[in-house]
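A.B. asks: Take a look at the letters that make up each chain.
Protein chains: 2
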Amino acid sequence: MSTSTTMRVALVQIACSKDSDGNLQKAAEWTGRAAGQGADVICLPELFRFPYFCQTEDASVFDLAETIPGQTTEILGAVAKKHGVIILASIFERRASGLYHNSLATLDESGNIAGIYRKMHIPDDPGYCEKFYFTPGDLGFQAVDTRMGKLGTLICWDQWYPEAARLTALKGASVLFYPTAIGWHPEEKDEHGAAQHDAWKTVQRGHAVANALYVAAVNRVGLEKTSPDSPGIEFWGSSFIADPQGVIIAEASIDREEIIMAEIDTARIEDTRRNWPFFRDRRIDAYTGMDQRWGQ
Amino acid sequence: MSTSTTMRVALVQIACSKDSDGNLQKAAEWTGRAAGQGADVICLPELFRFPYFCQTEDASVFDLAETIPGQTTEILGAVAKKHGVIILASIFERRASGLYHNSLATLDESGNIAGIYRKMHIPDDPGYCEKFYFTPGDLGFQAVDTRMGKLGTLICWDQWYPEAARLTALKGASVLFYPTAIGWHPEEKDEHGAAQHDAWKTVQRGHAVANALYVAAVNRVGLEKTSPDSPGIEFWGSSFIADPQGVIIAEASIDREEIIMAEIDTARIEDTRRNWPFFRDRRIDAYTGMDQRWGQ
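Heads up: the protein sequence lines correspond to chains A and B, in order. For the first sequence, this note's numbering begins at 11 and goes up steadily by one. For the second sequence, this note's numbering begins at 11 and goes up steadily by one.
Chain A on its own, in the form it takes in the complex (with noise of 0.2 Å):
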């Protein structure tokens, strides 16, 4: 990390089009406009070289998947070494035959792969098949050490998982970073959709807070239809970024595309983890069901 304790972080919140080379194109143009904004790390949203093809089962669609080092990594890791910035970018991984992840490169400013994470949690929701295509990560989690300090790498559904946070935390991180892929199902929204929405960003403010860190979420938006007749998902937007006491610093509207921009400063994360030092008074010798299944 340089001397500064500060660093600009970019959320780059589009749309995402059938067209992957267009999306790539697009990822490499919003990244490179963000980083002529002034931000040092930048970070898309998941999956964003296609629409959310996890809404159906079909097997044909593994024929997107790229390997690491691969197209995505070259073209934004040019992108990442030209501005001299570290760009997040979410990639649908094919490792083996039969062997698929839903993974994260970090490409630092040289356009190097700095970091891989693959996802650990993995859903499987109506018009979230992922447990179809995903094979869950077997590389932990991680907080990738680059010239901007410690960045945590989680993905989407790893929101909810208060344990994925503790961890990435505890590596080191001064911000976690959750390329997501989330929206409403239109027939659920008007019942339901205020209260899912807020339940995710509730969800993370409470990391921020427990963890006395930043949190950055970039979502997608749009609304992606399988077909003509599929209600499809309205994908919600509202990226944000939440500073370590919880609140919202940066955030994007529910349906535009836009680059949102927050300073992220570790003299503050040391400053509130002072005055609140909940890693002074963790139980660890009292942790131990957290790998149990259930209590009882």
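Mixed in with the good hints there might be a few duds.
[To be verified] Pairwise CB distance ranges, derived in the manner of DEER restraints:
| # | chain 1 | residue 1 | chain 2 | residue 2 | range |
| --- | --- | --- | --- | --- | --- |
| 1 | A | Lys199 | B | Lys235 | 24 to 34 Å |
| 2 | A | Ile123 | B | Val257 | 52 to 62 Å |
| 3 | B | Arg266 | A | Glu197 | 39 to 49 Å |
| 4 | A | Ser240 | B | Lys199 | 51 to 61 Å |
| 5 | B | Glu67 | A | Ile123 | 47 to 57 Å |
| 6 | B | Lys235 | A | Glu197 | 48 to 58 Å |
These are computed hints drawn from the structure, not numbers from a lab. This structure is a prediction, so every number in the text was calculated from the model and none was measured. Here a beta-carbon is modelled for each residue, glycine too, at the ideal position from N, C-alpha and C.
Chain A is fixed; fit chain B onto it per the hints.
C.D. replies: For chain B alone, kept in the frame of chain A given last:
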């Protein structure tokens, strides 16, 4: 549990004077009143028999501690039996000479002690000198089995720890009860008060979301000074009950004595967990670092 899936939970938010017998009498009256209003389970604030004595360190205060069973469990057990309700009573517990705990007794509808929890996480901050008074709990995290199902018993500082919430949830709790004594340092209130208060609510609402259960936090009210010249602590009341999506369904004022009440429906927990099945996907193979002090 009865065949009904619902119960009414009441939180008794009161001010606490220097008259410990008077405070106990008041607690008996108010819990009786809550029972009269239809409550099935009633929780009092942390250490309600005393002003918050942890503002300073004074060995003579240990005179105030009592055994379990003792006067508090006797008086409130009689109220519980009379009204056929469950009462959660915070107690400054004398366990042995030189060994004191910050404890929570669950009194069932027969007036018996159904469970004892000893505060696991002990704070120590300016004005909250709890490490001087309380030995950390050695009974682990618990859900007390009652006629109204399993009730999670936690205390104040525990509320900042996702581990405490999770381990209690894994024991089968439908509600996490947090008797609390928290407030503003008057000299900090203007600058930090709103963020502190919101962080306190947010982290607990986050526990409700992450574990898909109810959270019930009950605080005291009033400005308590240890001397005429001391700034004191302004206890912020704001007792609340949150539902399994973190929505606040009952909330008290910041400064008035009052009873708040809400209906807890275990069918709602079941429904929430079916639709957001976080427990299904926990990576219990990858959480072993939770019992480490730091991850590096």
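A.B. asks: Run every hint past the structure and note whether it holds.
C.D. replies: Each hint, compared with the structure:
1. A:Lys199 x B:Lys235: 24 to 34 Å: Since the Cβ atoms of A:Lys199 and B:Lys235 sit about 51 Å apart, the hinted range of 24 to 34 Å is violated.
2. A:Ile123 x B:Val257: 52 to 62 Å: 42 Å, violated
3. B:Arg266 x A:Glu197: 39 to 49 Å: 42 Å, holds
4. A:Ser240 x B:Lys199: 51 to 61 Å: 52 Å, holds
5. B:Glu67 x A:Ile123: 47 to 57 Å: Holds: the Cβ-Cβ distance is about 53 Å, inside 47 to 57 Å.
6. B:Lys235 x A:Glu197: 48 to 58 Å: 56 Å, holds
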